[in-house]
Amino acid sequence: LKRTVEEINARIKSGDAVVMTAEEVIDLVKKDGLGSATEQVDVVTTGTFGAMCSSGAFMNFGHSEPPIKMAKVWLNDVPAYGGLAAVDAYLGATETSENGKADYGGAQVIEELIAGKPVKLKATSHGTDCYPRREIETFITLKSINQAFLFNPRNMYQNYACATNSSDKTLFTYMGKLLPNMKNATYSSAGQLSPLLKDPKLRTIGIGTRIFLGGAQGYVSWEGTQYKTNVPMRNGVPSASSRTLAVIGDMKQMSTEYVRALYMHNYGISLSVGIGVPIPVLDEDIMRSCAVPDDQLFAPVVDYALQSRNRKPVQEVSYAELRSGIINIKGKKVRTSSLSSYFKARQIANELKRRIEGKEFYLTQFVQGMPEERAMKPLDVHSYEEVA
Amino acid sequence: MATSRYLLYFNPELINEPITYRMVKDFDLVINILRAEIDDTGGKLMISFEGSPQQIKSAIKYLTDSRVEIKELNEYVRKDAERCTDCGMCVSICPVSAFIVDRTTWKIMFQSDKCIACGMCVDACPTGSMTLGQ
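Just so you know, the protein sequences line up as chains A and B, in that order.
Each residue of the first sequence is one higher than the last, beginning at 1 in my numbering.
Each residue of the second sequence is one higher than the last, beginning at 389 in my numbering.
Derived Cβ-Cβ restraints for the label pairs, each shown as a range:
| id | chain 1 | residue 1 | chain 2 | residue 2 | range |
| --- | --- | --- | --- | --- | --- |
| 1 | B | 436 | A | 284 | 51 to 61 angstroms |
| 2 | B | 501 | A | 81 | 45 to 55 angstroms |
| 3 | A | 72 | B | 457 | 46 to 56 angstroms |
Source of the hints: derived by calculation from the structure; they are not laboratory data.
Glycine included, every Cβ here is placed at the ideal spot set by N, Cα and C.
All chains, please: the whole structure from these sequences, using the hints.
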């Protein structure tokens, strides 16, 4: 059986499309077999909700009277990047407030804007003939400004390491609080619900793919930073962090239900982003990968006590083991915590399913596919001559 | 049998009194010391009592009469259900497994009756949903 995105969209329009979440098709394939499941289902919805540090917002504030060419910009005392045209700025999620609050930063401002709260805008400038004003302080809301869109350079990691700590000190990391002597391990993937694990070669996801982003309809805009394909595979799926996507979407349509500010104690700020991707069931191969369950999806266990980019995985564990609450690392029972919310991932997959069934969300044929091969480069210290 | 947890404050004069011993000896309670601190303002003891409601009542009376300040620990640590995103970071941090993952809904349940108010979940929670009372 073969289907096209056009045929699926026609079925969505006529109300005949069969949409199921990735969890639901796992059971369906077990019950009815791969061939029958492929025939029955048109779209599989996926979801993920986790810390995605490489996120941020572009904004245009509108022009003041007299106008200003904003050079330095702060939102609730959090610096935003103003090295763009006069009243454009980019607020990075992990930027920390300059008022001394370590647990307040770009992500918190983004959440407050989405919640509809007023935010203090301050900007300074050297003043020009066409932009004479040298400073401004005012309050804005998401409604009062012209554009506000999340443009996240690296989201939706296709798999990620499980972190543990063999040292005798507690470590505070972007993977959360890691207790000494491998007393716990943390992981951050929705596993069997996670978008890119369900279409591992990105056969249906590319530039222009419409997605659920923070409650809004967003789009895949580019390959994500640190996108890589040269990783170990298990059951046809990467068993280490691999592909990523850059995504874009209108903040004005988003909800704090699906975008949440985070503070990792003694590490810093991050943003939890909720993303759902619909996967068109074009053929049996797509359905096969959509139905890979947690016990066949693996993540590497990495010891964060080693402060090096070259740390090698201690072993691999399945998402079924991780989700059971206890994994076995070299004979030691280690308790696990998820940093991404499986509850939210499921909520997003269900919400996306509801929107497709309700004809509010149509699928897209991408404009351009993602790179088939890509290795990730390290950064070393070189002289000008060495790299010239 | 009932189990209750209390925070006991001793003023400096009471520090040499064998109050915990009396709990066992005179009131036949099963006690478990969860945390103990002494500084120049006196002592602080977090303790759980297991016994019949009558035994616990008598013990509380004895403590009050001895001028020990008592606070029952029911909701010492609170979870803000609105802020919590049910990620589960707290689950492996808690030394007494007070957080349970509901395997049907995948929501994180906080069993406050198990909580020993150590506060380890407070700085581990990425959304700031856990707060420590006084």
